[in-house]
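S.K.: Below are the chains, spelled out letter by letter.
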Amino acid sequence: MKENDNDKRLNKEEEDYQSILKESIEEFEETYKPSDEVQKTIIRKGKNQALLTTIFISLAVLLLIIPVMTLLTYIYYGGINGKANTEIEVAANLIYVTEPNMHLEKMRIEDDIGFFSMSIHFDVFKRIGMEDYRVGDYDIDYFLDRPSFPQRNLLLERPPENIPQPETEFLFHPDAYVPYDRGGEWNILEGLPDGTVSEVYVSFTEMMEPDEVKRMFGRDVEVRWLAVNSGQEGRQRDINGLPITPLGYPAQIDRTTWSPFNGRSKNEDVFIEILELLHENEESATVLARAKSLALEERLSFIKENGIEVYGAVITGPTPELREVQDIDEVRAIKVGEVKLWNWK
Amino acid sequence: MELEMKNRRLGSGGSGNGAGGGVGGSGSKRKFTTVTGFLSFLLALIALAIVNISFLTGFNGDGALFSFFYISLLGFFLGIVGLFTKKRSRLFAIWGFFLNLFVVIFPFLMFILAYTINATP
Numbered sequence: 001m002k003e004n005d006n007d008k009r010l011n012k013e014e015e016d017y018q019s020i021l022k023e024s025i026e027e028f029e030e031t032y033k034p035s036d037e038v039q040k041t042i043i044r045k046g047k048n049q050a051l052l053t054t055i056f057i058s059l060a061v062l063l064l065i066i067p068v069m070t071l072l073t074y075i076y077y078g079g080i081n082g083k084a085n086t087e088i089e090v091a092a093n094l095i096y097v098t099e100p101n102m103h104l105e106k107m108r109i110e111d112d113i114g115f116f117s118m119s120i121h122f123d124v125f126k127r128i129g130m131e132d133y134r135v136g137d138y139d140i141d142y143f144l145d146r147p148s149f150p151q152r153n154l155l156l157e158r159p160p161e162n163i164p165q166p167e168t169e170f171l172f173h174p175d176a177y178v179p180y181d182r183g184g185e186w187n188i189l190e191g192l193p194d195g196t197v198s199e200v201y202v203s204f205t206e207m208m209e210p211d212e213v214k215r216m217f218g219r220d221v222e223v224r225w226l227a228v229n230s231g232q233e234g235r236q237r238d239i240n241g242l243p244i245t246p247l248g249y250p251a252q253i254d255r256t257t258w259s260p261f262n263g264r265s266k267n268e269d270v271f272i273e274i275l276e277l278l279h280e281n282e283e284s285a286t287v288l289a290r291a292k293s294l295a296l297e298e299r300l301s302f303i304k305e306n307g308i309e310v311y312g313a314v315i316t317g318p319t320p321e322l323r324e325v326q327d328i329d330e331v332r333a334i335k336v337g338e339v340k341l342w343n344w345k
Numbered sequence: 001m002e003l004e005m006k007n008r009r010l011g012s013g014g015s016g017n018g019a020g021g022g023v024g025g026s027g028s029k030r031k032f033t034t035v036t037g038f039l040s041f042l043l044a045l046i047a048l049a050i051v052n053i054s055f056l057t058g059f060n061g062d063g064a065l066f067s068f069f070y071i072s073l074l075g076f077f078l079g080i081v082g083l084f085t086k087k088r089s090r091l092f093a094i095w096g097f098f099l100n101l102f103v104v105i106f107p108f109l110m111f112i113l114a115y116t117i118n119a120t121p
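Heads up: the protein sequence lines correspond to chains A and B, in order.
The opening position of the first sequence corresponds to residue 1 in our numbering, with each subsequent residue numbered one higher.
The opening position of the second sequence corresponds to residue 1 in our numbering, with each subsequent residue numbered one higher.
Any given hint might turn out to be false.
As the list claims (entries may be wrong) - Computed Cβ-Cβ distance ranges for the label pairs, DEER-style:
| no. | chain 1 | residue 1 | chain 2 | residue 2 | range |
| --- | --- | --- | --- | --- | --- |
| 1 | B | TYR70 | A | MET107 | 32 to 42 angstroms |
| 2 | B | LEU74 | A | PRO34 | 51 to 61 angstroms |
| 3 | A | THR53 | B | LEU101 | 53 to 63 angstroms |
| 4 | A | GLN151 | B | LEU42 | 15 to 25 angstroms |
| 5 | A | LEU72 | B | PHE66 | 19 to 29 angstroms |
| 6 | A | LYS8 | B | LYS87 | 48 to 58 angstroms |
| 7 | B | TYR70 | A | ILE43 | 39 to 49 angstroms |
| 8 | B | PHE98 | A | ILE43 | 25 to 35 angstroms |
| 9 | B | TYR70 | A | GLU280 | 21 to 31 angstroms |
| 10 | B | GLY58 | A | GLN151 | 37 to 47 angstroms |
| 11 | A | LYS40 | B | LEU56 | 14 to 24 angstroms |
What the hints assert, rightly or not - One-sided excerpt, in silico: chain B residues whose CB lies under 7 angstroms from chain A:
| no. | residue |
| --- | --- |
| 12 | ASN52 |
| 13 | PHE55 |
| 14 | LEU99 |
| 15 | LEU101 |
| 16 | VAL104 |
| 17 | PHE106 |
Just so you know, the hints here were simulated from the structure itself, not pulled from any lab data.
Glycine included, each C-beta is placed from N, C-alpha and C at the ideal position.
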C-alpha cells in the first residue's frame, strides 16, 4: 500500500515538473521570443557586422604589410653591426686593394633600401697628374647580403677587362710572362705631347720594399699604388687555375674624408686589415671583384708570412718625367694608362 | 524539490523584467563597438594608408608624409579612451590602440635604423 502511495506521489511530482517546465517555455517564448521578422533582422545585422569587422581587420592587416616589411628590412640592414655597413665596407675597400690607382669617396656612397634588398651606387676616381678625375661609377644590387654582379660604367681610355685574363693585365710579376710588345708602350709615351700628364703601370724586374719604390722615381713622379706579391702572381692563376688580379694598396696617404688610408695607421697595416675583412666576407668580395677568384686564404697567409714585397706600381706625373723611367734598371715593362692635359703644379 | 522549482520559477519570474532586461540591455550594448574605439581604428587605417602611399609612390613632399603621425597620435588617444569604455565591444579600440601605437613609433624606429646605415654627417 505504502509503495503504491509513494509511486503515485512521485508520478504527481513528475507531472508537476513537466507542467512547470512547459509553462516556463511557453512564458519565455511569449515574453522573449522575437518574431520571425525580428530574428531575420538580427541575423542580417549580425552578418553585416561580422562582415564589416572582417573587412576592416583584413584591410588593416594588408596595410600593415609594407610598413612591417620595411621595418624588418631596416632592422636586418641597420643597427650597429648591420649587414648594410659590412657590405658597403667590403665593396668600397675592395676597390682600394684590387683596382690599381682607383679610389672613391666613401662619404658619398649612396644606398637605397628596398624589401630585403639594397642597392648602392658610388663614383670611382683616379689621380692622374695632380688631379682626381671621375672615371666611372659602380651600381651594386643586393638581395639580403648577397650581391649581384656589379654594373661598372668606366670612362677610361684603357679600361681593365671585365673578365680578366693573364694576358690582359697591366702589372706583371717578375716570373710572369709579359704578353705585349714592351717597346710599343715606350713609343706611346714618346709620342705623347710634353704638356700632358700620364698614368703608367710599371712592372719591376725583382721584388722591392715599398720605400725603395718611392725612392726609385724622381721628385716629379708620384707613386700612386703598389702591387704586392701574394705568392700567386708568378702563375697569375690561383691553385684552381682561375685567373687572379693584383692585390695592392695606395702608396700615398688619402686625405679624402673617411678613406681607410687616411694616415691614422700605416697604409701597409690598413692593407692587411682590409684583406682580413675581405677574407671574412670572401663570398661577397669575389662576386664584386673583377677576378673570379681572390684566393684570400692563401694570399693573406703568404703576405703575413713574407711581409710586403712589391713587384709593380702605378705612377703618375708629367709625361716627360715618366719617359725617364725607361732608364731605371729595375723597370721591366710599362703599360700606359690614362693621359690628361697638364695639371702639374 | 517542488519548493525549489517554485522558488526558481518565482525567482526568475519576479526578476524577469529587471535582471533579464538588464542582461539583455547589457548584451545589446556590448555588441556595439565604442565610438572612440571605432574612430581610433579608422584613423589608424587612414594613417597606414598614407604610409603605404608614401612608400609606394615615393611622395613625401609638403609635409604629407608626416600627416600620418598626427592622425595616428589622435587615433592613439581615442584608442585609449575606447579601451576604458564599459559595456561596449572594445574590439576596434584594441586594434586602433595597437595600430596607432605602431604608426606613432614607426617613424622613430625607421629614423634610428636608417641613421645607422651608411651614416654620413
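S.K.: Which numbered hints does this structure break?
M.R.: 2, 3, 4, 9, 10, 11, 15, 16
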